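Peer 1: One-letter residues, chain by chain:
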Amino acid sequence: MLKLVVCIKQVPQVSELPWDPETWHLQRELAEGMMNPACRFALEAALKIRDKIGARITAVTMGPPSAEEALREAVALGADKGILLTDRKMAGADTYTTSLTLSKVIQKIIPDFDLILCGASTIDSDTAQVGPQLAEELDIPGVAYVHELTIAGNKARIRRVADGFSETIEMELPGLVTINTTSEAPRYMSFRGFQQAFGESDIITHDAASLGLHQEWIGARGSATKIRNVYSPIAERGNLVLTGTNKKILDQLFTLFDDRIGGVVGKDLKTEKN
Amino acid sequence: MAKGVWIVAEQRDGALRKISYELASTARKLADVLGEDVCAVLCGSGIEGIAGQLGKYGVDKVFVADAPALEPYTTDAHAAAVAKIVKENDPSILLLGASTQGRDLSARLVGKLHTGMGTDCVDAKIVDGKLLLTRPMYAGKCFGEVAISSFPQMATLRPNVFPAVENQKAGEVVKFDPALDEGKLRTKVLEVQKDASGKVDLTEANIIVSGGRGMKGTENYAIIEELAAVLGATVGASRAAVDAGWRPQSDQVGQTGKIVSPNLYVACGISGAIQHLAGMGSSKVIVAINKDAEAPIFARADYGIVDDLFKVVPELTKACKELLA
Numbered sequence: 001m002l003k004l005v006v007c008i009k010q011v012p013q014v015s016e017l018p019w020d021p022e023t024w025h026l027q028r029e030l031a032e033g034m035m036n037p038a039c040r041f042a043l044e045a046a047l048k049i050r051d052k053i054g055a056r057i058t059a060v061t062m063g064p065p066s067a068e069e070a071l072r073e074a075v076a077l078g079a080d081k082g083i084l085l086t087d088r089k090m091a092g093a094d095t096y097t098t099s100l101t102l103s104k105v106i107q108k109i110i111p112d113f114d115l116i117l118c119g120a121s122t123i124d125s126d127t128a129q130v131g132p133q134l135a136e137e138l139d140i141p142g143v144a145y146v147h148e149l150t151i152a153g154n155k156a157r158i159r160r161v162a163d164g165f166s167e168t169i170e171m172e173l174p175g176l177v178t179i180n181t182t183s184e185a186p187r188y189m190s191f192r193g194f195q196q197a198f199g200e201s202d203i204i205t206h207d208a209a210s211l212g213l214h215q216e217w218i219g220a221r222g223s224a225t226k227i228r229n230v231y232s233p234i235a236e237r238g239n240l241v242l243t244g245t246n247k248k249i250l251d252q253l254f255t256l257f258d259d260r261i262g263g264v265v266g267k268d269l270k271t272e273k274n
Numbered sequence: 001m002a003k004g005v006w007i008v009a010e011q012r013d014g015a016l017r018k019i020s021y022e023l024a025s026t027a028r029k030l031a032d033v034l035g036e037d038v039c040a041v042l043c044g045s046g047i048e049g050i051a052g053q054l055g056k057y058g059v060d061k062v063f064v065a066d067a068p069a070l071e072p073y074t075t076d077a078h079a080a081a082v083a084k085i086v087k088e089n090d091p092s093i094l095l096l097g098a099s100t101q102g103r104d105l106s107a108r109l110v111g112k113l114h115t116g117m118g119t120d121c122v123d124a125k126i127v128d129g130k131l132l133l134t135r136p137m138y139a140g141k142c143f144g145e146v147a148i149s150s151f152p153q154m155a156t157l158r159p160n161v162f163p164a165v166e167n168q169k170a171g172e173v174v175k176f177d178p179a180l181d182e183g184k185l186r187t188k189v190l191e192v193q194k195d196a197s198g199k200v201d202l203t204e205a206n207i208i209v210s211g212g213r214g215m216k217g218t219e220n221y222a223i224i225e226e227l228a229a230v231l232g233a234t235v236g237a238s239r240a241a242v243d244a245g246w247r248p249q250s251d252q253v254g255q256t257g258k259i260v261s262p263n264l265y266v267a268c269g270i271s272g273a274i275q276h277l278a279g280m281g282s283s284k285v286i287v288a289i290n291k292d293a294e295a296p297i298f299a300r301a302d303y304g305i306v307d308d309l310f311k312v313v314p315e316l317t318k319a320c321k322e323l324l325a
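Sequence lines, in order, name chains A and B. Those letters in the first sequence? Residues 1 to 274, per my numbering, in order. Those letters in the second sequence? Residues 1 to 325, per my numbering, in order.
Bear in mind the hints are in silico, worked out from the structure with no lab data behind them. Please read these numbers as outputs of a predicted model, since none were measured by experiment. Positions of the beta carbon are idealized from the N, C-alpha and C atoms, including for glycine. A few of these clues could be false.
In silico EDC-like cross-links for lysine to aspartate or glutamate, where the CA-CA straight-line distance does not exceed 20 Å [unchecked claim]:
| id | chain 1 | residue 1 | chain 2 | residue 2 |
| --- | --- | --- | --- | --- |
| 1 | A | Lys247 | B | Glu172 |
| 2 | A | Lys155 | B | Glu182 |
| 3 | B | Lys321 | A | Asp114 |
| 4 | B | Lys184 | A | Glu137 |
| 5 | B | Lys184 | A | Glu172 |
| 6 | A | Lys226 | B | Asp123 |
| 7 | B | Lys61 | B | Glu36 |
| 8 | B | Lys184 | A | Glu170 |
| 9 | A | Lys248 | B | Glu315 |
| 10 | A | Lys247 | B | Asp307 |
| 11 | A | Lys155 | A | Glu167 |
| 12 | A | Lys226 | B | Glu145 |
| 13 | B | Lys311 | A | Asp251 |
| 14 | B | Lys188 | A | Glu167 |
| 15 | B | Lys3 | B | Glu48 |
| 16 | B | Lys184 | A | Asp114 |
| 17 | A | Lys226 | B | Asp128 |
| 18 | A | Lys247 | B | Glu226 |
| 19 | A | Lys247 | B | Asp308 |
| 20 | B | Lys112 | A | Asp251 |
| 21 | B | Lys188 | A | Asp139 |
| 22 | A | Lys248 | B | Glu322 |
| 23 | B | Lys29 | B | Asp13 |
| 24 | A | Lys248 | B | Glu191 |
| 25 | A | Lys247 | B | Glu315 |
| 26 | B | Lys194 | A | Glu137 |
| 27 | B | Lys84 | A | Asp251 |
| 28 | B | Lys61 | B | Glu145 |
| 29 | B | Lys87 | A | Glu216 |
| 30 | B | Lys188 | A | Asp251 |
| 31 | B | Lys188 | A | Glu172 |
| 32 | A | Lys155 | B | Asp128 |
| 33 | B | Lys194 | A | Asp114 |
| 34 | A | Lys248 | B | Asp308 |
Ranges between beta-carbon positions, derived for each pair [unchecked claim]:
| id | chain 1 | residue 1 | chain 2 | residue 2 | range |
| --- | --- | --- | --- | --- | --- |
| 35 | B | Glu315 | A | Ser15 | 54 to 62 Å |
| 36 | A | Ser183 | B | Ala15 | 29 to 37 Å |
| 37 | A | Asn239 | B | Val165 | 25 to 33 Å |
| 38 | B | Lys130 | A | Lys108 | 30 to 38 Å |
| 39 | A | Phe194 | B | Asp128 | 51 to 59 Å |
| 40 | B | Lys321 | A | Tyr188 | 43 to 51 Å |
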């Protein structure tokens, strides 16, 4: 049977992320966690393949112990099993180290996978890197920003939308796709799925030691990408609300435009008819 | 020791994309601080003729791989070609565009070159001889400064943010053999459907006029289209409008759609969900038109008009038409 791996990430609900008013740091721990939206679409794409031709789906996540919630959600939605990678030593990993760690667990537990599905990007860090980097680590083909796919034999037929064009691609399996969010909402969990997920569900946990990962390879220590400083974009905009009659508003707008970005429409916009 | 500021130029259908000039100009600026050269890599088929154009934007030398297998773009072929020439030359900095193609390609290169990268950066400078990048995080709620402790120091730059500045340099064109292993090309593009509308891609647009939930229906986009036509703008949409089926997905501006940075962004009937703000927050000037004075978009706009867009937009179109006539 087809073996599918879905990589998911638990992310904070960014719209609810509060600032610490003293330090101007984000208080990530105060925001509620959720399954990253694009990951949910990746899972949905896997479930659709299973509905059509049958497949076994393993969901994998790396994160703090609380990331288990996202795995249980994946099981509730229909994944057969979940793998949680959690270890304090893995914290602070950049995208390369994350994909390296994910590649190790996949090679160890599901080495005979046919297709890996990831979300195209996450709403917190939004790098869109981990999927393609994971494909590189596993030395398999990959296609990013996928909208639709079907499996036939040992090939995937893929439709993706890029900047200003779309294309149909044939990819050899095993391979990896990153799935875009689309307008078609993914399924909700069933009551039975919910019971399964929060009962005796099949979730196994791994850490660096059980995967045989050296400390130099993982987490902040293994990461070449260092975040030095985080700051908020305070008061970057004028937030000027224009009032008056429509004519007055437009006159003000054009005057302001002229001051700010005269060249944008390639013409002097100042209205001098008043 | 790693030396040289390198870029991966992007072309489509035999024409360089705007981001290539932005990358070249940024690389020039960084290289001048370091006292190093700027080199570009350009891959495709039948593209040798356009390579020299990069010299106009500050590139000293262009390495060109010209082979049928490099057109159209596939990850396998381009990643192999770029990695080969980069490894042979050991640059200190490698820049790509944070476009659909650049994000995919850069991720593969990070793996092949075993290095770190800042993604979708909005600023890049040299501090103490090293690259220091700034990138938005958490849907643009904050910015993070990123440094890379290995070589090449990689970054993808957000399109339309960095200025393209003419600065004529040699632009010497050197061909290289990408030495592609056919057995390693595991994806094949069967068909490309081009956007026939001829409109400027949202990520490259100078001006964008966007409509959201407040548009109330497909048919009402006519007023947005009219304003866009007068301004020479590209039409965008919020996720709400796309989800409602009023506009195609390719029009969607936001974190899960296109990330845009035009000189002018006009948001009509868009409340300003955080995912939308993440997609257009780096626009140079933002004008918001919404009848709800409490809409979050106003907090991120330069100029706000609290009124009915169905009244304001046509008048704006009329006024612009008169002024630009």
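Peer 1: State for each hint whether it applies.
Peer 2: Each hint tested on the structure:
1. Lys247(A) <-> Glu172(B): Roughly 55 Å between the alpha carbons, so the hint for Lys247(A) and Glu172(B) is violated.
2. Lys155(A) <-> Glu182(B): Judged against 20 Å, a Cα distance of about 17 Å means the pair holds.
3. Lys321(B) <-> Asp114(A): Distance of about 57 Å is beyond 20 Å: violated.
4. Lys184(B) <-> Glu137(A): holds, 14 Å
5. Lys184(B) <-> Glu172(A): Satisfied, since the Cα-Cα distance of roughly 10 Å is no more than 20 Å.
6. Lys226(A) <-> Asp123(B): Holds, at about 16 Å.
7. Lys61(B) <-> Glu36(B): holds, 12 Å
8. Lys184(B) <-> Glu170(A): It holds: about 14 Å lies between the C-alpha atoms, which stays within 20 Å.
9. Lys248(A) <-> Glu315(B): This hinted pair holds, its Cα atoms lying about 11 Å apart.
10. Lys247(A) <-> Asp307(B): holds, 13 Å
11. Lys155(A) <-> Glu167(A): holds, 16 Å
12. Lys226(A) <-> Glu145(B): holds, 8 Å
13. Lys311(B) <-> Asp251(A): holds, 16 Å
14. Lys188(B) <-> Glu167(A): Distance of about 10 Å is within 20 Å: holds.
15. Lys3(B) <-> Glu48(B): Status violated; Cα separation ~25 Å.
16. Lys184(B) <-> Asp114(A): holds, 17 Å
17. Lys226(A) <-> Asp128(B): holds, 16 Å
18. Lys247(A) <-> Glu226(B): holds, 19 Å
19. Lys247(A) <-> Asp308(B): holds, 14 Å
20. Lys112(B) <-> Asp251(A): Given pair Lys112(B), Asp251(A) is violated - Cα atoms ~55 Å apart, limit 20 Å.
21. Lys188(B) <-> Asp139(A): holds, 17 Å
22. Lys248(A) <-> Glu322(B): Holds, at about 16 Å.
23. Lys29(B) <-> Asp13(B): It is violated: about 28 Å lies between the C-alpha atoms, which goes past 20 Å.
24. Lys248(A) <-> Glu191(B): Violated. Lys248(A) to Glu191(B) sits at ~52 Å, over the 20 Å cutoff.
25. Lys247(A) <-> Glu315(B): holds, 8 Å
26. Lys194(B) <-> Glu137(A): violated, 32 Å
27. Lys84(B) <-> Asp251(A): violated, 57 Å
28. Lys61(B) <-> Glu145(B): Violated - the C-alpha atoms of Glu145(B) and Lys61(B) are around 30 Å apart, more than 20 Å.
29. Lys87(B) <-> Glu216(A): violated, 23 Å
30. Lys188(B) <-> Asp251(A): Violated: Lys188(B) and Asp251(A) sit about 54 Å apart, past 20 Å.
31. Lys188(B) <-> Glu172(A): holds, 9 Å
32. Lys155(A) <-> Asp128(B): Distance of about 49 Å is beyond 20 Å: violated.
33. Lys194(B) <-> Asp114(A): violated, 31 Å
34. Lys248(A) <-> Asp308(B): Holds - the C-alpha atoms of Asp308(B) and Lys248(A) are around 15 Å apart, at most 20 Å.
35. Glu315(B) <-> Ser15(A): 54 to 62 Å: Since the Cβ atoms of Glu315(B) and Ser15(A) sit about 33 Å apart, the hinted range of 54 to 62 Å is violated.
36. Ser183(A) <-> Ala15(B): 29 to 37 Å: Given a distance of about 31 Å, which is inside 29 to 37 Å, the answer is holds.
37. Asn239(A) <-> Val165(B): 25 to 33 Å: Since Asn239(A) and Val165(B) have Cβ atoms about 31 Å apart, the given range 25 to 33 Å holds.
38. Lys130(B) <-> Lys108(A): 30 to 38 Å: holds, 36 Å
39. Phe194(A) <-> Asp128(B): 51 to 59 Å: holds, 54 Å
40. Lys321(B) <-> Tyr188(A): 43 to 51 Å: holds, 48 Å
Consistency with the previously given hints fails for numbers 1, 3, 15, 20, 23, 24, 26, 27, 28, 29, 30, 32, 33 and 35, ordered from lowest to highest.
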